[in-house]
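Chains as they are written, first to last, in this note's numbering: chain A, 1 to 118; chain B, 1001 to 1113.
Think of the hints as simulated: they come from the structure by calculation, not from any bench. Among the clues, some could well be false.
[Said to hold, decoys possible] Calculated cross-link-like contacts (lysine-lysine; reagent style DSSO-like; alpha-carbon spacing at most 30 Å):
no., chain 1, residue 1, chain 2, residue 2
1, B, K1077, B, K1058
2, A, K66, B, K1100
3, A, K41, B, K1100
4, B, K1100, A, K64
5, A, K41, B, K1077
6, A, K55, B, K1100
Just so we're clear, the structure is a prediction, and the values are computed from it rather than from any experiment.
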Amino acid sequence: GAVVSQHPSWVICKSGTSVKIECRSLDFQATTMFWYRQFPKQSLMLMATSNEGSKATYEQGVEKDKFLINHASLTLSTLTVTSAHPEDSSFYICSVLPDRTLYNSPLHFGNGTRLTVT
Amino acid sequence: AQSVAQPEDQVNVAEGNPLTVKCTYSVSGNPYLFWYVQYPNRGLQFLLKYITGDNLVKGSYGFEAEFNKSQTSFHLKKPSALVSDSALYFCAVREGNTDKLIFGTGTRLQVFP
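With the rest of the complex left out, here is chain A (with noise of 0.2 Å):
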């Protein structure tokens, strides 16, 4: 079964709106949640690294103020659109590290989330 469960699937907006999306680890207990974003046939690019109980760490070029993430809990880490454009417009998925000690695990993702801004 998933271990990883990413909400909305889907999600359609306008512009000048906020999203939130949530990605919720239900086996087990995650510090270290990572959020990435793909765009149409390209690969994944990580946005930033959500870390439980601090402030996540973005990438380079990703503005942390239109991108809010909040990880409050070991379970559930949170992204934010916020007044989205429809150059936001992307497929945004969610990945948890398991145990962070264990360089060797592989991550476990979400199913995704599609936003469209209209």
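Fit chain B to the known structure of chain A by using the hints.
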């Protein structure tokens, strides 16, 4: 900095034939290598990994991959392709003791009946 290259955007193969999806990597330390598969509008599913040990690793759904240190490659293979194997495949590398997983650009595998 670590990086991964998947030189082929798409690979076409007839059902029943062997398939290979290529991947090369670049890291300064010991590589941890992974293959993932993505079906349309879904997240990624883990297929297999190389950490250490045997250069040939076996994974899910009959897939295997061969680690070649001298060629810095980690090609994904399957002896007999199925139509249901058609999907997007990603190679990824994690360097040393870092958290980040860096993905290649993906290769679309199309298996024709």
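Hint check, failures only = none
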